[in-house]
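Colleague: Chains as they are written, first to last, in our numbering: chain A, 1 to 117; chain B, 1001 to 1343.
Watch out, some of these pointers could steer you wrong.
As the list claims (entries may be wrong) - In silico DSS-like pairs for lysine-lysine, Cα to Cα no more than 25 Å straight-line:
#	chain 1	residue 1	chain 2	residue 2
1	B	Lys1111	A	Lys87
2	A	Lys72	B	Lys1076
3	B	Lys1096	A	Lys87
4	B	Lys1022	B	Lys1088
If you're looking for bench data, these hints aren't it; they were derived computationally from the structure.
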Amino acid sequence: MKKKILLIDDEESIHFLYKEVLEEEGYEVHTALSGEIGLKVFDSIQPDLVILDINMPGMNGIEVLRRLKEIKANLPVILSSAYNEYKQDLACWASDDYIVKSSDLEELKASVKRHLR
Amino acid sequence: MPELRKDPILGRWIIISQEREKRPTDFIVETDVVRGGFCPLCPGNENTTPSEVLAYGRNHPVPNTPGWTLRVVPNKYPALIIEGELDKQGEGPYDKMNGIGAHEVIVETPKHNEPFSQMEPERLANVFFAYRDRTVDLGRDPRFQYVIVFKNFGRAAGASLEHSHSQLIALPILPRMIVSELEGSYSYYKYKDRCIFCDIIRHEVQYGTRLVCANADFLCITPFAPRSPFEMWVLPKRHSSCFSSMADPLFISLSRLFSEVMRRLDTCIPNVPFNFVLHTGPLRSQPLEHFHWHFEIMPKLTTMAGFEWGSGFYINPTPPEDAAHYLREINLSSPPPVNEPRV
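Chain A with its partners taken away, still in its complex shape:
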């Protein structure tokens, strides 16, 4: 059975990019355009891993992270942000990895593979 990944990001272009690459790797990818929607999708699909943007309108990624880990502490969550400086936010420690968005998706693919092993 395919492993399920939930991608929560407010940029649709990221959905297209990540979905294509991760589906090629054999994963089933679900998407959500906000933190609030992401939490609902999480409840319904129970993914094996979440890729989470930080800077989103409404509920930001840090809030979503804290809620996800409260629900399921061992759920792998990869933070994916265009900005490096959120690393200074200790709340990010609840995540399993932090990846700075880039056109080169090798780091993302490697991180997903590592956490879904």
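Got chain A sorted already, so can you dock chain B onto it with the hints?
Modeller: Chain B only, in chain A's frame:
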């Protein structure tokens, strides 16, 4: 009339703007929203942090498990990394080196909602012991010249997680601020053959107008030229340039005074965001006659704008004599409010 004041150590000027003088109740402090949810620093979540480098209080030998009263862990996403060589290089007029350093987080309590200002002195003593133990350990690494120890409290002061913690960063260079303090105090020493901090202590004890509180070993003052309203310095009464060389009983004495200082500040301006920084001598330095270790506590009540950035001047709407008066007058006999701890 506004007043320009010069810091006698750094030569930095500040402006006391008494026309817009602010009392403690004039400051609007936004209370941080406790965000709740999963906390990576709470007991039971040790596997979300890097492996600890120090822990106190556990009565069993298994690391990275609950039972601790204080825990120190490397930063999970550090700005500087511990492995590697410095590889110092010149590039024309510019200098650079690899980003080598150690960035650690001191988790001061297992209780999620125990603010620093409400910690018992015994717990604060543990925090100070941890500062010493980690500084001594990192000081064995010849790549490092200085360990900066600091705390951010409140979002406005840079703290992103409400679980009480402080941080330290071991650096391969001396921070500019410490170099300036060392140079300024040495210049005074060469001229007068006395430590400027010892002179400041004598003066403040004699006149008392900027004295906040004191015990047999330490005192707290508002400095003559403070950058921030209610800025405070905590200094040992006896001359010492190195925090880590302090004898154990003095840590207990320091924690008692520091606890009082924090409670005075928090009662005066509840939940005020603040930073504090330990200023101490460079790693492996011999005792310095001209330098005196101390803590600088900076409440975050004003913002730096163009004038401050451009001039290096700070505008302070509360004279330190008034701030010291307000802090001294606080009645600490009534018990502080108690937050419901999570654990």
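Colleague: Compare the structure with each hint and give your call.
Modeller: Evaluated hints:
Distance check on the hinted pair: Lys1111 of chain B and Lys87 of chain A sit about 24 Å apart at the alpha-carbon level, within 25 Å; holds. With a C-alpha separation of about 20 Å, the suggested pairing of Lys72 of chain A with Lys1076 of chain B holds against the 25 Å cut-off. Pair hint Lys1096 of chain B plus Lys87 of chain A holds up; C-alpha atoms about 23 Å apart against a cutoff of 25 Å. Of the pairs offered as hints, the one joining Lys1022 of chain B and Lys1088 of chain B is violated, with about 48 Å between alpha carbons and a cut-off of 25 Å exceeded.
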